[in-house]
Amino acid sequence: ELKVEQNPLFLSMQEGKNYTIYCNYSTTSDRLYWYRQDPGKSLESLFVLLSNGAVKQEGRLMASLDTKARLSTLHITAAVHDLSATYFCAVEETSGSRLTFGEGTQLTVNP
Amino acid sequence: DAMVIQNPRYQVTQFGKPVTLSCSQTLNHNVMYWYQQKSSQAPKLLFHYYDKDFNNEADTPDNFQSRRPNTSFCFLDIRSPGLGDAAMYLCATGRGLNEQYFGPGTRLTVT
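Chains as they are written, first to last, in my numbering: chain X, 1 to 111; chain S, 1001 to 1111.
What the hints contain is simulated information worked out from the structure, not anything from laboratory work. From a predicted model like this one, the values you see are computed outputs, not experimental measurements. Ideal Cβ placement from N, Cα and C applies to all residues, glycine included. Just to be clear, a hint being listed does not mean it is correct.
Computed Cβ-Cβ distance ranges for the label pairs, DEER-style [what the hints assert, rightly or not]:
# : chain 1 : residue 1 : chain 2 : residue 2 : range
1 : X       : THR27     : S       : PHE1075   : 30 to 38 Å
2 : X       : THR108    : S       : THR1026   : 30 to 38 Å
3 : S       : PHE1075   : X       : GLU15     : 26 to 34 Å
4 : S       : THR1111   : X       : GLU44     : 35 to 43 Å
5 : X       : GLY16     : S       : ARG1107   : 44 to 52 Å
6 : X       : THR77     : S       : SER1080   : 36 to 44 Å
7 : S       : ARG1009   : X       : GLU93     : 25 to 33 Å
8 : S       : PHE1073   : X       : ARG60     : 33 to 41 Å
9 : S       : ARG1079   : X       : VAL80     : 39 to 47 Å
With the sequences and hints as input, model every part of the structure.
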């Protein structure tokens, strides 16, 4: 059974600081997603990482994937308050199959 | 714009009173998913359709049923809602190697 673990689960940081969220998964997969969720809202797709070594960046967020280590990271650079949300990683076991989500990381960026 | 639509966005039902949530898509995706997300938890897959083939998760209660009359529509039926079924219900669609697209969700309250 595929297991996906995120850490930390709660992250409080100051504006302007950098931090990394980690996502580990237990079985082979070449497809990993990062989503953002604001309170009471649905999931917003941030990144789709399809292969080993993939790196994608959008604004202050950068995601990477190491399939050999079964690890993905979401790096936050110079955080701003608008980034406050819950971030989920999700792993797709095979193409077109179910997503298994991590527990989520609740990020709070303080002024 | 092509999208995933869920109706209603908010649903209040009484304990034990059947309720149906709907999802429609204009993406012409062959896979449709239903996720349940309880407060402060990750989304949990209930079931999915691959074309007309229904795939139930092993731990999805019998109280939850689904129908997919055509490619565009998928319904989630809760036969006898309990207080523990209060949650956000997320519909998603996908096709082949493409990522899953999530709808805005339906927040279900059981009184």
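**Asked** Between X/GLY16 and S/ARG1107, does the C-beta distance stay in 44 to 52 Å?
**Response** violated (35 Å)
**Message:** Verify the CB-CB distance for X/THR108 and S/THR1026 against the hinted window 30 to 38 Å.
**Reply:** Check passed, 36 Å falls within 30 to 38 Å.
**Request:** Could you check the hint for me, namely that S/PHE1073 and X/ARG60 are 33 to 41 Å apart, CB to CB?
**Result:** holds (38 Å)
**Range agreement (Cβ of X/GLU44 with Cβ of S/THR1111, hint 35 to 43 Å)** = Since the Cβ atoms of S/THR1111 and X/GLU44 sit about 30 Å apart, the hinted range of 35 to 43 Å is violated.
**Whether the CB-CB distance between S/ARG1079 and X/VAL80 falls inside 39 to 47 Å** = Between S/ARG1079 and X/VAL80, where Cβ atoms are some 46 Å apart, the hint holds.
**Item:** Beta-carbon spacing of X/THR27 to S/PHE1075 - inside the hinted bounds 30 to 38 Å or not
**Value:** For X/THR27 and S/PHE1075 the Cβ distance comes to about 32 Å; the hint holds.
**Item:** Range hint compliance [Cβ, S/PHE1075 to X/GLU15, 26 to 34 Å]
**Value:** violated (44 Å)
**Item:** Cβ distance range 36 to 44 Å for X/THR77 and S/SER1080, holds or violated
**Value:** Since X/THR77 and S/SER1080 have Cβ atoms about 49 Å apart, the given range 36 to 44 Å is violated.
**Prompt:** Is the hinted range of 25 to 33 Å satisfied by the C-beta distance from S/ARG1009 to X/GLU93?
**Reply:** holds (30 Å)
Violated hints, in rising order: 3, 4, 5 and 6; the structure is consistent with all others.
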